[in-house]
Amino acid sequence: MIPNNLQQPMIDLLLSIADDKFILGHRIADWTGLAPMLEEDIAFSSIAQDELAHAQVLYDTIGAWTGRGGDHVAYGRSPSEYRCAALVEVPDELQWDVAIARQFYCDHFDLLRLGRLARSKDAQLAALAHRLAAEERVHVEHMDHWITQLGKAGGEARERTQRSLDRLAPAASMLFEPTEGMSLLEAAGLYPLAERDFFSAWREDLTRVAGDAGLNLRLSLPDSHAVGGRRGRHDAAFAALLEEITEVYRVEPMAQW
Amino acid sequence: MVCREDILSVLRTIDDPEMPISIVDLGLIERVEVERGAHVHIDLLPTFVGCHALPMMERDIRGKVSAIPGVAEVTVRFLFSPPWSVDRISEAGRAALKGFGVTVPRRPPEHIPGSSQLVELGTPRPAACPFCQSSHVRLESAFGPTRCRMIYYCEDCRNPFEHLKRV
Chain B
1 MIPNNLQQPM
11 IDLLLSIADD
21 KFILGHRIAD
31 WTGLAPMLEE
41 DIAFSSIAQD
51 ELAHAQVLYD
61 TIGAWTGRGG
71 DHVAYGRSPS
81 EYRCAALVEV
91 PDELQWDVAI
101 ARQFYCDHFD
111 LLRLGRLARS
121 KDAQLAALAH
131 RLAAEERVHV
141 EHMDHWITQL
151 GKAGGEARER
161 TQRSLDRLAP
171 AASMLFEPTE
181 GMSLLEAAGL
191 YPLAERDFFS
201 AWREDLTRVA
211 GDAGLNLRLS
221 LPDSHAVGGR
231 RGRHDAAFAA
241 LLEEITEVYR
251 VEPMAQW
Chain E
1001 MVCREDILSV
1011 LRTIDDPEMP
1021 ISIVDLGLIE
1031 RVEVERGAHV
1041 HIDLLPTFVG
1051 CHALPMMERD
1061 IRGKVSAIPG
1071 VAEVTVRFLF
1081 SPPWSVDRIS
1091 EAGRAALKGF
1101 GVTVPRRPPE
1111 HIPGSSQLVE
1121 LGTPRPAACP
1131 FCQSSHVRLE
1141 SAFGPTRCRM
1151 IYYCEDCRNP
1161 FEHLKRV
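Just so you know, the protein sequences line up as chains B and E, in that order.
So for the first sequence, my numbering puts the first residue at 1; every next one is plus one.
So for the second sequence, my numbering puts the first residue at 1001; every next one is plus one.
No wet-lab data here; the hints were simulated from the structure.
Virtual Cβ for every residue (Gly too), placed ideally from N, Cα, C.
To be clear about the criterion: a stretch of chain E counts as covered by chain B if any three or more of its residues have a C-beta under 8 Å from a C-beta of chain B, and this derived list gives those stretches:
id, segment
1, 1080–1093
2, 1132–1145
Looking from chain B toward chain E, a few residues come up when the C-beta cut is under 10 Å (computed):
id, residue
3, Gln56
4, Asp60
5, Leu128
Same shape as in the complex, but just chain E (with noise of 0.2 Å):
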């Protein structure tokens, strides 16, 4: 019999493609089951739509997860609603990220009443350098390397560094 722990722990030994933190850290996570013991389903939420690190995700969670004893059978499958955000990352996914140089966006500050939520989002500024914590940064870019970062300067310490977008 497997359970749902077991598979819980194996996913949390995979990183997303592209940044050093584990799949459960960056929230995509949404349903793990386990069913009559033997097959496993997960349901993920991709950060952007179409995001091309989705069949390396696919791949490497149905390697690690049919690899555990007792797992007959994997169904993986990805989900939009509930919409994934940026809150949905750990505390210690938001430390791993800031290691790489990757800052996360702040909750934004409360809901406006009467505002509709498609008005509301939009990323607010990282609130610090992640290499020498000065406040004193500018947008450089509003797009990155891949789809969900953007690019800051630090001008303190003269360093680039990515932002994630809020989406």
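If we strip away everything but chain B, and leave its shape as in the complex, we get (with noise of 0.2 Å):
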């Protein structure tokens, strides 16, 4: 049982992880029938499918403390309430590249993330994550798989790869943008810090994949003082994208799918 006192922590930190796979998973969904080959074409709409379905079990998890049912968390809220970070937000424009970078640098912070609520005091939320972190873990390499390829393909696979990267790699660190009350989750052993250092351990990961496919990656964590998705800041395009997503809901909120 989470003390009162944490509820909303918890509830922010569980919405970070679920708004993250929401629209990222909705971002890689516009891969399905258009992938550069079938085999990724299959692969990027799996991955589509476990990160929209981890999402909708953390909504459920959320729905059911606060009585307004998954869907309406999903759903029912306006852009300041959601708490992705900007790097999920980043639009693809189909180039292959920026969907690998974009994904490489998620899926390895989010299996961190789900590995440290992995071993959280809350036994039901540590066995959920267990199970996210299982299947995220097949994304992740994947995602090394691609990195690999694309790196030490050389010419223009590298270039533009090294290009995504280093474009990515602001909004990247952005990541870690704690969420409101997330120092408290820490203290009381429901979000446990891992041995390894958080950010150093994504970045060490990261680099030994990028490293020795031939990559550079300027990492850095976000200045303390940066305010980003975590808190609910987010730009006019994250609007306008919530209500294309959202448009279905707004029509007839009590429909059943």
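Join the two chains, each given in its own frame, into one complex according to the hints.
Here it is in structure tokens:
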């Protein structure tokens, strides 16, 4: 059971995980039917399904606590109530290198984050996070494979991948912006710190793969004063994206599907 | 009075919606209890989180179990603890899947001391092609027709086949 004063911080943390997956899942679902080869079409469609399924089970968990149901949590909020990082919102304009760079940063971050939650004192959340992490791991392996292929291919593939990794690096660092009250959850063992420093672990994992493939990463922690998506600050493009995603729900909030 | 064995024998007749294997052989059933002889509680462990087949399974279970004479109420829950794993699939289930062209990863060799469980998870490759038993197989795609399956290709009989992911 989560103490009363930690419930809102926990909701914010779970929303940050779910909202990242929800928006990213929608973003990469755009590749269904358009990926560079059939196997990738299946892979990206599967990954999108996984992310949306993960978001759904987290929204249902929050919805059960707040008594308003998972659909309301997913679709019934205003843009400033979303806790996703700006990186998941970045459009890829159907450029493969952008999609891979974005997914590479996000999946590694997500796996480490779920690994921490899997050690939570809250046994139910820990069990769920453990399950989600096992599925997420397959995504990480797939992205590592792509980064290796694109980097080692050299030429245009390497150049474009390097350019996208560089361009997305500032947004990637904002994945680490803490949600409101996160330090309280860490202190209470509900979202325990890992043995390895969170940011260093992420950078090391990414660098091991990218470095081997001849790609350079320039990653740093965000300025501690920077406010972004984890605290509800999103740009106008996010509001437009959300409007499209929530259109059916707003037309008929009681719809069942 | 309905007994637990009656419920289990009905559950054995319900197949996974996407593969010819009963939900019992697939290892999905974690708990079956009959309260006061009439209220049946069934706990299931989903293979994948938010699997699309879950609502279909729940409908099949409710339909068949509530038809058993004496059953007044059926409660179905999906749980994540303990986590489902391919190790829960029975020998009969493995044989049924093999006949269908789907292989099941072997158990991992053993626990690596000091490593976290999250790190050692991973899908060992199939021992042999389900059609010709050749061990000359290669991974074609880590993703397949459903979220729980990957695609392998047999270099000898030149058939693609599916391999369950170890999660």
